[in-house]
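K.L.:
The residues making up each chain are set out below.
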Amino acid sequence: MSDDVKQLVSRCLAGDQAAMVEFVDRYRGRVFGLCYRMLGQRQDAEDMAQETFVRALRSLARWDSERDLEPWLLAIAGNRCRTMLASRSRRPQPTPLYDGVPDRTPDQLSAEHLDEEVQLALQSIRAEYRQAFTMFHESELSYAEISEAMECPVGTVKTWIHRARNQLIEQLANRGVVQESRDAVRQI
Amino acid sequence: MQCDKFDNQINELLDRRDHPLEDAGVTAHAEDCDRCRRRLDGCVAMLDGMSLPRLPQFRDDFSAKVVSEVAAPQVEVDQRDGRHSSSWMIRLLAVAALVLIVAIPAAIYSLRTESGGVADNQEPNGDTSREDVTDDLPKLAVEDDDAPNEDQIATTDDDEALEEMVVRLREAWPEVRQSIMTDNLAAAPITELQDGFVDHVSVPLRPLAVSVTGTINIVRDTFSRGVSQQPSDKPQADVRWFDGLPSLSHTEISGCCPALWA
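Protein sequences, first through last, are from chains A and B.
Going by numbering that gives the first Met the number 0, the letters in the first sequence line up with residues 0 to 187, in that order.
Going by numbering that gives the first Met the number 0, the letters in the second sequence line up with residues 0 to 261, in that order.
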């Protein structure tokens, strides 16, 4: 754990609001990324990211400074998202509105379409698989860190991630998004 | 390379965060195998999709809002507790309704037996030809099947006992009705629910609603022969049989189960 993170946390614990803003700014991209992959909706992801930071800052005193902060933060985010997914499954969902922005180039559209396809495939797999997969491939946590964050054995995490990959690969191949992905990546 | 080894190799490469296209063995096998080429393409699409730059456009006040919320006094609302309590409330109401449903006919039969009611398989004139029709109903006490006693039929004691039953039913009915119906429908006059009462109650409580209508059927059957002395082979839709139930009226009962009155 780097000293600047420890200092930042100390300032947050002392009630320094500027430090809290800095704390949120530093990690919000990673937290939002996990929430977005987990929930599939931008607005929900933003709400969950906000809730994650509120909870984290309120319970920062309980964080073990010997351990990395980011897995701890992502664990909170993952738990909040799974709670939301559970409550979402108990009530009917409104049809999401398309929040498209005009004036996009074909390349941007292609990249967005690929993003949507991956997102669609992710939403079809189990929440635990999705969380472990996203933590590994997007947050780039190690198996050990994911295991700690999700409070389950490393072997279980590996199994979840392998299954997630197999299901995603199968779905994306079936939907024929391969060529689009090459175009999108080439343009970016 | 075999196809199963191909799959394992892909997973191992991804575990090491290597790209599968950089592995010569994998790409060579994919060129010769349609199935594995398709999977390799899917894998590449997955990795490309996960690596796309996605810069979230947060609200300008995102961080400030978080900080202000952290600084605000904490009011914990445990939603799970609320959900559990409402769940328990529904269960409690369902149990209460069930108890009432079982208790009402039991009380009726008990009172009928104590007051020396007429036998179910016995017509006022002593004719037992209805035996086949009413054989599934509880048998009430009679001293002599062959010599019907006029005192056993619609006596003053019977009327008092029936009056008491009517009072009990009248008191119990609103609670039963409240328990088994959805909130909106509970407030509606019962006369508006005549078309398919059971269909209007919430799904988990439908068995109870069916029980209620069954109970009403028993009540109707008992009262119809106990009070009005109507032979049971008369049309069941004759609402005049319920003249003995001024408040728990035929309107309410028929509203509960129109099928019984069809």
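Keep in mind the hints are simulated off the structure, nothing from the lab.
Any given hint could be a false lead.
Simulated DEER-style distance windows between Cβ atoms [as the list claims (entries may be wrong)]:
| # | chain 1 | residue 1 | chain 2 | residue 2 | range |
| --- | --- | --- | --- | --- | --- |
| 1 | B | Ala-102 | A | Glu-150 | 45 to 51 Å |
| 2 | B | Asp-3 | A | Asp-63 | 39 to 45 Å |
| 3 | B | Ala-71 | A | Glu-169 | 25 to 31 Å |
Just so it is clear, the structure is predicted and the values come from calculations on it, not from any experiment.
Where a beta carbon is used, it is the ideal one built from N, C-alpha and C, also for glycine.
K.L.:
Now, for every hint given, state plainly whether the structure supports it.
P.N.:
Hints and how they fare:
Judged by the Cβ atoms, the range 45 to 51 Å given for Ala-102/B and Glu-150/A holds: they are separated by roughly 49 Å. The given range of 39 to 45 Å is respected by Asp-3/B and Asp-63/A, whose C-beta atoms sit roughly 42 Å from each other. Taken as a hint, the range 25 to 31 Å is violated for the pair Ala-71/B and Glu-169/A, whose Cβ atoms sit roughly 47 Å apart.
Checked against the numbered hints above, the structure breaks only hint 3 and satisfies the rest.
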